[in-house]
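Using the sequences and the accompanying hints, generate a full structural model.
One letter stands for each residue in the lines below.
Protein chains: 2
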Amino acid sequence: MSEVYAARRTRLRERCNAGGSAAALVSRPANVRYLAGAAPHGAVLLLGRTEDLLVCSGSPDDRPTQGRPDESLPVRALSGPGGDPAVAATDLAADQGAESLATEDHHLTVVRHRAMRSVAPALRLTDLGQAVEQLRVVKDEEEISCLRIGAEIADQALGELLESILVGRTERHLALELERRLVDHGADGPAFPTSVGTGPNSGRRGHRPTDRRVEEGDFLSVCLGATYRGYRCEIGRTFVIGTSPADWQIELYDLVFSAQRAGREALAPGAACRDVDRAARQPLDSAGYAEHLPALTGHGVGLEIDEDPQLAPAAMGKLDACVPVTVEPGVHLPGRGGVRIDDTLVVRPEADGGPELLTITTKELLAL
Amino acid sequence: MSEVYAARRTRLRERCNAGGSAAALVSRPANVRYLAGAAPHGAVLLLGRTEDLLVCSGSPDDRPTQGRPDESLPVRALSGPGGDPAVAATDLAADQGAESLATEDHHLTVVRHRAMRSVAPALRLTDLGQAVEQLRVVKDEEEISCLRIGAEIADQALGELLESILVGRTERHLALELERRLVDHGADGPAFPTSVGTGPNSGRRGHRPTDRRVEEGDFLSVCLGATYRGYRCEIGRTFVIGTSPADWQIELYDLVFSAQRAGREALAPGAACRDVDRAARQPLDSAGYAEHLPALTGHGVGLEIDEDPQLAPAAMGKLDACVPVTVEPGVHLPGRGGVRIDDTLVVRPEADGGPELLTITTKELLAL
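Quick mapping for you: the protein sequence lines, in order, are chains A and B. The working numbering puts the first residue of the first sequence at 1, with every later residue one more than the last. The working numbering puts the first residue of the second sequence at 1, with every later residue one more than the last.
Everything labelled a hint here was simulated from the structure, so no lab data went into it. Here a beta-carbon is modelled for each residue, glycine too, at the ideal position from N, C-alpha and C. Be aware that a few hints might be false.
One-sided and incomplete, this derived list gives chain A residues near chain B with beta-carbon spacing under 10 Å [stated by the list, open to error]:
(1) S79
(2) G82
(3) H106
(4) H107
(5) H113
(6) G129
(7) A175
(8) L176
(9) E179
(10) D184
(11) G189
(12) A295
(13) I360
Negatives, chain A to chain B, calculated, CB over 10 Å [said to hold, decoys possible]:
(14) N17
(15) E71
(16) E133
(17) A367
Written out as structure tokens, the structure reads:
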């Protein structure tokens with residue numbers, strides 16, 4: 001694996017050099033993990049003029065490392081607690097004779113940036129921008145394989161829940177049970193707080209589980225994901241409780257299902273992100289639900305649950321092959337509830353069979 | 001409750017005015033919640049020259065609000081998604097005729113700060129520093145009552161776990177079960193990721209649960225906490241599995257117990273934080289465990305699990321009455337395991353009975 005990380009650092013270094021900086025300091029934890037294999041709490045990665053270094057806090061209390069560190073990368077631990085690895089790394093960059101250092105200004109606080117400036121006043125600090133996030137958008141097959149395993153785990157956890165009795169249980173309990181099952185099946189943990197919504201809460205994006213109990217006739221919507229080796233996937237499904245869904249429930253479900261299918265079918269290398277969004281949004285818009293729609297209908301996933309690209313009306317850019325995204329349109333009607341259907345897929349060319357669906361739980365309307 | 005938040009804002013305003021700023025922008029979520037009753041995702045609080053405003057993101061996707069907002073506080077929601085409430089609030093401050101605006105430079109990123117500067121170039125941005133964190137250190141009785149309920153919930157969850165069979169279960173399962181029980185008993189959720197360590201993992205601060213199973217003869221250490229109405233408490237205990245603890249286990253336990261008691265007994269209004277730390281650290285130091293000790297032996301708790309004050313060798317400042325802190329010395333011996341005992345207490349004057357223990361689970365060495 002060590003070569004993978006070294007190759008990623010080489011690509012970043014090429015970008016920095018092209019931008020006029022010989023050195024860069026990466027501080028955002030997911031970016032550190034991407035380039036170094038692991039992100040010990042507070043650690044930063046210095047791409048120096050003469051060597052790369054992982055600079056770690058000196059506090060013995062820090063949470064254990066997540067991930068396996070690239071063993072070819074030298075590690076420098078601060079000698080005592082309380083020091084800031086970003087400040088120490090800035091000092092090291094100056095020692096290596098760098099004239100400028102590119103930093104993650106979207107992650108560093110003003111106070112840390114100020115401390116970095118004052119430790120090496122002669123060093124010019126420039127903005128690295130989202131260069132690492134951009135490198136992270138297209139995944140390699142190793143990364144996709146982690147997402148695939150995470151999706152299998154989420155499918156299993158959801159499948160088991162569906163076999164149990166649901167009526168009378170609270171949203172909170174169902175969410176906790178799903179999270180326990182994720183871990184049972186080998187997840188590092190949930191990819192994000194599991195959302196379970198019943199009745200009027202169904203179909204709300206990011207709904208936090210309450211003490212409301214599942215009742216006959218409810219819509220039940222569930223959104224969960226597993227983290228596996230750091231990679232986070234997402235699945236969302238909506239079910240109906242009881243033997244015979246009401247007409248409005250069947251109609252709304254069919255509508256969201258067709259919108260979600262249109263979004264999935266629009267995924268292709270070269271497709272504009274806003275066109276994918278439009279494909280998923282348009283059927284709901286036409287049916288008169290414009291004001292009940294979320295701001296985005298999908299997003300990238302990876303080491304974070306909410307990555308680039310965004311599938312939204314104002315999104316710029318096009319999809320590439322090997323980009324994993326969610327497609328998750330939904331409608332929530334205040335007071336009544338709603339439907340949300342959410343899959344994680346990998347963009348693949350037509351010749352390879354088109355988009356690869358990672359979350360394979362059925363999207364038929366199940367009456368439970 | 002509305003008056004409580006208004007009074008807090010008045011105190012902050014007085015500090016700002018004394019510092020030469022007529023307006024302040026609070027962006028750190030726990031600080032927003034402290035001053036406004038609730039912190040909708042991304043919201044910032046403007047203490048303006050003419051009025052206070054809670055400025056919220058315009059995205060309909062944002063996670064529902066935690067806490068109950070102060071209804072006397074006007075709310076301004078941005079009209080569309082994608083806008084930054086901090087930038088909008090800066091603009092509003094300039095509209096109100098403020099000449100300078102104090103901002104939380106330890107929370108704002110360089111990129112946001114730059115955007116705020118460019119939206120109102122004539123406005124002087126100054127650093128508010130940790131003014132709100134300082135206001136938060138001393139709690140009122142309402143806040144302490146939330147911590148007390150949270151501690152009761154954590155005690156209950158832990159007590160129930162101790163009645164179940166432990167041998168053969170994994171650290172991960174025990175941690176998940178504790179978190180489920182916290183929620184069962186009315187917690188908003190866990191106050192931090194529950195830590196369960198067995199055998200060689202016991203006694204490690206912040207240990208992340210693994211698949212190791214509890215075995216006869218193990219030390220088992222558990223650290224958990226409940227969040228109740230936003231307030232977070234912490235309890236840690238170490239047990240021994242099986243009928244007869246080994247001599248080294250009894251000795252180590254007695255030592256950590258006496259250190260923790262010394263720390264608790266040192267809590268008093270006016271006591272220097274470093275003296276409390278020394279009281280808890282010194283027995284372990286003298287017994288030869290200096291290099292196995294954590295960087296701090298306790299810390300404040302409240303809306304965040306790790307607040308000021310810190311109980312550490314280099315800590316400045318003194319304790320006040322009504323400051324809740326943890327006292328949590330521990331020793332971890334690599335390869336063998338260790339002991340950690342952790343309580344949440346409120347500093348109270350001698351005349352009121354001395355420190356108030358919130359986490360009342362026994363600290364006898366239980367053999368389970």
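Verification of the hints:
1. S79: 12 Å, violated
2. G82: A/G82 check passes; min Cβ-Cβ to chain B is 7 Å, inside 10 Å.
3. H106: Holds, about 4 Å.
4. H107: 6 Å, holds
5. H113: At about 5 Å, which falls below the 10 Å cut-off, the nearest Cβ of chain B leaves the hint on A/H113 intact, so it holds.
6. G129: Holds - the Cβ of A/G129 comes within 10 Å of chain B, reaching about 9 Å at its closest.
7. A175: Hint on A/A175: holds, closest Cβ of chain B at ~9 Å, below 10 Å.
8. L176: For A/L176, the interface hint holds, since the closest Cβ of chain B sits about 5 Å away, which is under 10 Å.
9. E179: 7 Å, holds
10. D184: Nearest chain B Cβ about 8 Å off; hint holds.
11. G189: Nearest chain B Cβ about 8 Å off; hint holds.
12. A295: 4 Å, holds
13. I360: 25 Å, violated
14. N17: It holds; A/N17 is separated from chain B by about 22 Å at its closest Cβ, greater than 10 Å.
15. E71: 20 Å, holds
16. E133: 13 Å, holds
17. A367: 28 Å, holds
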